[in-house]
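**Q** Whenever a hint applies, use it, and build me the whole structure from the sequences.
If you're matching positions, the sequence shown starts at 1 in my numbering and goes up one per residue.
Hints listed in this document are in silico derivations from the structure and should not be mistaken for laboratory results.
The following label-pair restraints were derived from C-beta to C-beta distances:
no., residue 1, residue 2, range
1, E174, G194, 30 to 38 angstroms
2, R314, I127, 40 to 48 angstroms
3, G281, A170, 36 to 44 angstroms
4, S291, D191, 37 to 45 angstroms
Just so it is clear, CB atoms sit at the ideal spot from N, CA and C, and this is done for glycine as well.
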Amino acid sequence: MMPNLVQTLEGNPAFIHCGPFANIAHGNSSIIADDIALACSDYVITEAGFGAEMGAEKALHIKAPASGVVPDCLILNATVRAMKMHGGGFASGGGRRPTPEELETENVEATRAGAATNLRRHVRNLIENSIPVIVSINRFAHDTEAEIEAIRDEAVKAGARQVVLNECHARGGEGALDLADAVVAACAAHDEAGRPYTPTVEQGMTIEETILRVATNIYGAHTVDFSDTAQSAIETLKGWGVGSLPVCMAKTQYSFSHEPKVLGAPSGFTLPIREIRVNAGAGFVVAVCGSMMTMPGLPTRPAALDMDMDEDGRLTGVFR
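**A** Here's what the structure looks like:
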């Protein structure tokens, strides 16, 4: 039950506690770790996994109500390669790694197409919560200026408060100073405005209402189709008096829809709910979408077993 206090390669403190995937679980760090971090620092950055329709949605609608702490700023991390994929720039489509040639070849048209659809929907979804949204473009070595500008342009059109180039991958903490300044300014502005928050999912909504709200307002679906098994489970929960538990969606991380290869910003589809599971200890139900598998694939040997520090403070076995 105790978080691990670790350090980054530059010696910055970080708490690690829990590692749930946002596609099949709530995708966020623990409330315990956040509370300890908030007692240690004026600013705490925590990650919500995968796309914002997964991790951020659950951070705002499951974690925030449970903790009583609402973020003062939302950082949407975007990459050229992700926008290329959603713009149809990779022959492999979604869910598979593109070739090195595809990654390294400039494709401004595909990058803009992905940003104009996928990124803009993510930004608009987050803005609906009345929390400042900053788009951080996580730059890699083969990204070109034209591709970066295409993302910046579309993010501004979508209404992001600020778009910042993040070069921490190549330059470490120094490459993220502009992002840090933008976050501090956004937090101050949100505080001065009275810290408004308008969640897409309101507390007290029924399980069916929550699923429909997430599917239509965030994913872009037209409606939801509950299987007989899922509907029966919902009716049972209503009979037990817990028909308004929070809902954790289990859905592919590769698409707004339940189909991994449907890229961009699909709309008008029907979201199938195959199963409703009760995670009583966590205090929420899991809605399994389509053919989603909920057993993650993990290595037989955890990477942590091969990490160490010598007498001179040099780290070994750490992925760079």
